[in-house]
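Chemist: My request is simple: use the sequences and hints to build the entire structure.
There are 4 protein chains.
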Amino acid sequence: MSGPPAAPVVDLNCDLGEGFGIWTLGDDDALLDIISSANVACGFHAGDPNILRRVCEAAVSRDVAIGAQVSYRDLAGFGRRSMDVDATSLTNDVIYQIAALDGFARVAGSRVRYVKVHGALNNRTVHDEHQAAAVVAAVVAYDPALPLLGLPGSALLRHAEQAGLGAVTEAFADRGYTAHANLVPRSQPGALLHDPVEVARRMVRMVMTGRLQSVDGIEVAVSARSICIHGDSPGAVEMMEAVRKALIEAEVEIRAFAP
Amino acid sequence: MSGPPAAPVVDLNCDLGEGFGIWTLGDDDALLDIISSANVACGFHAGDPNILRRVCEAAVSRDVAIGAQVSYRDLAGFGRRSMDVDATSLTNDVIYQIAALDGFARVAGSRVRYVKVHGALNNRTVHDEHQAAAVVAAVVAYDPALPLLGLPGSALLRHAEQAGLGAVTEAFADRGYTAHANLVPRSQPGALLHDPVEVARRMVRMVMTGRLQSVDGIEVAVSARSICIHGDSPGAVEMMEAVRKALIEAEVEIRAFAP
Amino acid sequence: MSGPPAAPVVDLNCDLGEGFGIWTLGDDDALLDIISSANVACGFHAGDPNILRRVCEAAVSRDVAIGAQVSYRDLAGFGRRSMDVDATSLTNDVIYQIAALDGFARVAGSRVRYVKVHGALNNRTVHDEHQAAAVVAAVVAYDPALPLLGLPGSALLRHAEQAGLGAVTEAFADRGYTAHANLVPRSQPGALLHDPVEVARRMVRMVMTGRLQSVDGIEVAVSARSICIHGDSPGAVEMMEAVRKALIEAEVEIRAFAP
Amino acid sequence: MSGPPAAPVVDLNCDLGEGFGIWTLGDDDALLDIISSANVACGFHAGDPNILRRVCEAAVSRDVAIGAQVSYRDLAGFGRRSMDVDATSLTNDVIYQIAALDGFARVAGSRVRYVKVHGALNNRTVHDEHQAAAVVAAVVAYDPALPLLGLPGSALLRHAEQAGLGAVTEAFADRGYTAHANLVPRSQPGALLHDPVEVARRMVRMVMTGRLQSVDGIEVAVSARSICIHGDSPGAVEMMEAVRKALIEAEVEIRAFAP
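Residue numbers (numbering that gives the first Met the number 0), protein chains in the order written: chain A, 0 to 258; chain B, 0 to 258; chain C, 0 to 258; chain D, 0 to 258.
Derived by calculation from the structure, the hints in this document are not laboratory data.
Please note that the accuracy of each hint is not assured.
[Stated by the list, open to error] If you want the ones that stay clear, here's a sample from chain C, every Cβ over 12 Å from chain D, calculated:
no. : residue
1   : Asn121
2   : Gln161
3   : Gly165
4   : Ala178
5   : Pro233
6   : Pro258
[What the hints assert, rightly or not] Below, a sample of chain D positions facing chain B; criterion: calculated Cβ distance under 7 Å:
no. : residue
7   : Gly20
8   : Ile21
9   : Ala75
10  : Phe171
Where a beta carbon is used, it is the ideal one built from N, C-alpha and C, also for glycine.
Modeler: Structure (structure tokens):
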């Protein structure tokens with residue numbers, strides 16, 4: 000098909016709804032004004048029914064897509080501790096979480112439109128074939144129209160593709176990349192970026208060219224349909240605002256990937 | 000419309016899926032062969048995702064209607080302790096539970112078809128207008144086509160009717176009734192019935208005539224679209240089998256009330 | 000015994016350790032520099048083992064007395080929802096909490112030195128004889144040398160005295176009092192005081208004279224061995240610092256009530 | 000010191016108190032009549048305060064030693080799922096559990112007298128040096144007089160010895176052993192023994208000679224101060240009774256290892 004080239008487009012996603020009961024985390028309202036996709040905690044690592052409802056309604060009112068941010072069942076550890084959950088239990092834990100959030104999304108007039116994996120389960124499903132397959136099995140069972148948002152090259156996205164699910168990649172605005180296009184481990188220099196101007200410039204460049212400069216100064220290919228910022232880090236809101244502003248100035252369309 | 004009179008019809012309901020993790024309670028499989036409606040625990044007083052999935056699939060395979068048995072959030076107390084939950088939180092707790100179970104019902108090829116309130120929340124919503132209204136608000140928000148199954152004369156069913164929900168009454172096969180058609184309190188003689196033959200005879204009579212003999216020997220009007228037996232009491236399965244057999248012999252149709 | 004009159008003495012207490020997992024609440028370190036007694040959450044409404052350990056060690060390093068702040072088992076509701084817990088379960092829930100905290104107090108080189116009741120359980124044991132007796136039974140069983148810190152006139156302190164426990168009363172620095180020496184309900188004007196200077200002046204006067212001005216302008220007798228400020232309200236630290244400074248200037252000794 | 004040889008002595012231990020709320024598991028009362036040491040669940044994988052109290056009182060009334068059976072925080076998985084808990088959190092989780100149980104042991108007139116590690120944490124601390132050291136650090140901090148009961152050759156017992164703790168080994172009555180004196184994996188033939196007569200004969204022989212016949216028919220050295228039977232397996236009570244009876248007939252003294 001000929002015609003003018005499509006305008007570049009990217010999604011901005013962030014973790015939301017990660018308080019519990021009396022406890023709060025992050026500035027959900029400020030972030031909802033910036034992002035196009037909200038990864039909403041479903042109650043297993045964070046999030047209670049009041050929070051799920053409030054975030055879903057706020058997301059819908061701003062036309063932000065709701066995604067289920069599924070996790071191990073571990074409130075005390077915020078889902079950040081790898082667990083040897085058997086495949087059947089993991090599949091059912093994920094179905095439970097997607098479905099619970101989907102209830103609030105529907106009450107708010109929308110639906111869960113994608114799934115993202117949180118914390119230790121996300122890290123583990125980069126390599127763990129069994130747990131990756133178990134998460135994918137949950138999405139297939141619940142609604143095979145839901146795409147999975149995840150790390151490029153992960154077992155999770157590979158299993159998603161093999162199962163016929165949408166597999167959407169994300170880049171991390173506030174993280175350095177190695178020469179092999181992996182994230183610089185948090186224990187090493189250059190892992191975390193703090194300058195909103197630099198971060199915004201990098202993201203515009205990645206969207207326009209599919210390239211980033213690695214921590215070693217080498218150009219690496221990083222192609223992502225979505226950009227993630229962590230909402231609970233200091234300066235997160237400012238950084239995300241800078242990224243959003245720079246993208247708009249570069250005439251990049253900010254749009255949720257999920258239909 | 001003229002024609003032969005409709006055959007009498009009644010539903011048999013029972014609480015199911017009330018284990019948690021390694022722990023089991025009741026004989027779900029035996030009860031599913033007897034009942035027409037399963038009140039499935041949703042995870043707040045009992046039930047974990049593995050159990051929800053298993054019970055939903057077993058219910059669907061036997062053509063038993065799945066109902067959401069919603070509760071206070073109280074695993075340690077099995078939902079049997081009245082709690083002063085504010086209306087907003089209660090509404091959202093109920094939405095969360097219905098939605099989570101509905102996910103497994105849909106995975107199994109069906110849907111949640113009604114809502115029943117468990118334990119202390121059920122007792123409290125007999126009189127507590129605020130909590131009754133909060134539960135009803137949850138059903139209205141989630142799906143106003145879902146009927147509520149509950150106690151005749153309860154605030155819960157009154158609020159359900161006022162909100163335009165279906166309000167379905169139940170009788171208790173294994174409980175004695177007072178001359179005012181209330182349940183004999185558990186602390187008094189005649190509260191619990193144990194003889195399967197007598198229980199079965201009473202239930203057939205109630206379905207055919209709308210009448211029961213009270214603990215005082217007086218005839219009282221008890222009209223119920225559904226009969227409940229508690230699955231975790233000793234002899235529950237035998238009693239329910241006797242009721243079912245007697246109803247079938249009396250040519251009563253056993254059929255779920257929910258469409 | 001003759002001699003110079005004893006210097007006036009008072010205790011300053013505050014709720015601490017009320018985060019959970021990743022979530023924080025209040026500024027424990029700042030408050031520990033001000034108070035003489037720390038009501039430490041024990042894990043049922045807030046507090047996890049890491050927090051218990053950290054707060055106990057910080058309290059011991061500042062010579063602040065550690066008290067067990069016991070609650071209903073209700074993380075989702077922060078212990079602020081009244082629950083119909085039976086007496087046996089409540090007694091055992093309280094023993095469990097005191098004992099768990101006592102472990103960390105001993106690891107830090109001290110002991111739990113008193114018990115305070117949190118939230119809805121505190122409100123309920125003002126009037127509920129059964130629950131008040133159940134809490135007292137727990138302290139008697141665990142260690143009858145532990146005093147209970149509570150509201151003047153409460154069933155809780157009455158049962159404590161009858162059981163031979165120490166019963167220590169507290170006043171609330173940031174709350175208005177009625178002409179009957181009760182707290183002004185939060186829904187009414189004058190319930191909450193915000194001016195650190197006024198609050199400090201009132202507390203000095205209460206300690207020196209046993210009197211406070213009520214919201215109606217009437218003098219009322221309020222005698223309390225301990226003064227409580229809520230650490231999670233905005234300005235709490237500033238207000239408590241003002242109270243502490245004013246007490247020291249008035250040559251009141253700030254000292255824990257528990258031996 | 001000369002004199003007649005000491006009579007052979009062994010301890011019998013079993014996991015107890017592993018219900019939660021309404022749910023029960025195993026026959027605690029029957030097992031308490033057989034064993035000399037009770038590994039009591041502390042609330043993290045099973046056990047609630049009512050159960051802890053009941054089991055402690057029943058153990059004391061039968062002169063059975065109370066041990067803290069500590070676990071990962073995982074009620075839904077019964078502590079059977081390995082978790083990447085950091086060392087600090089694991090140490091504090093273990094202190095919390097020991098202390099909570101110790102409260103009930105003292106209320107019952109005794110004390111926690113040893114520590115045993117449950118489920119996945121037990122399996123993991125066979126090899127995981129960090130988690131083994133973290134558990135040992137908890138016991139050292141809480142009370143270095145408490146011995147650890149565990150698997151011969153485990154990292155856990157090695158760290159315990161290095162830290163100066165008592166390290167007590169156990170053998171499994173109902174399990175087959177390899178020619179290297181390890182347990183036959185559950186997936187292989189000969190892993191589980193079912194014949195009470197054979198099991199009893201094997202245990203008497205192990206106590207008298209320090210030897211067992213392996214699954215390959217080879218004699219292997221197995222020296223253990225305590226014998227464990229799993230209380231939740233079918234026939235557990237009968238098997239343990241047979242072991243006890245055979246030991247008594249062989250004039251082996253059954254006595255708790257903990258002072």
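Chemist: Indicate, hint by hint, whether the structure satisfies it.
Modeler: Here's how the hints hold up against the structure:
The beta carbon of Asn121/C is kept farther than 12 Å from every beta carbon of chain D, the shortest such distance being approximately 19 Å. Look at Gln161/C: its CB is around 20 Å from the nearest CB on chain D, clear of 12 Å, so calling it non-interface holds up. Against chain D, the non-interface label of Gly165/C holds: every CB pair exceeds 12 Å, the least being about 19 Å. Every CB of chain D is more than 12 Å from the CB of Ala178/C (nearest about 42 Å), matching its label as outside the interface.
Every C-beta of chain D lies more than 12 Å from that of Pro233/C, the closest at about 30 Å, which supports listing it as non-interface. At the 12 Å boundary, the C-beta of Pro258/C stays outside the reach of chain D, the nearest C-beta of that chain being 20 Å off. At about 5 Å, the closest approach between the beta carbon of Gly20/D and any beta carbon in chain B falls short of 7 Å, and the interface hint on this residue holds. Because the smallest distance between the Cβ of Ile21/D and any Cβ of chain B comes to about 4 Å, under 7 Å, the interface hint for this residue holds.
A hinted interface residue such as Ala75/D counts as satisfied when its beta carbon comes closer than 7 Å to some beta carbon of chain B; here the least separation is about 5 Å, so the hint holds. About 20 Å separates the beta-carbon of Phe171/D from the nearest beta-carbon of chain B, more than 7 Å, and the hint is not met.
The earlier numbered hint that this structure contradicts is number 10, and it is the only one.
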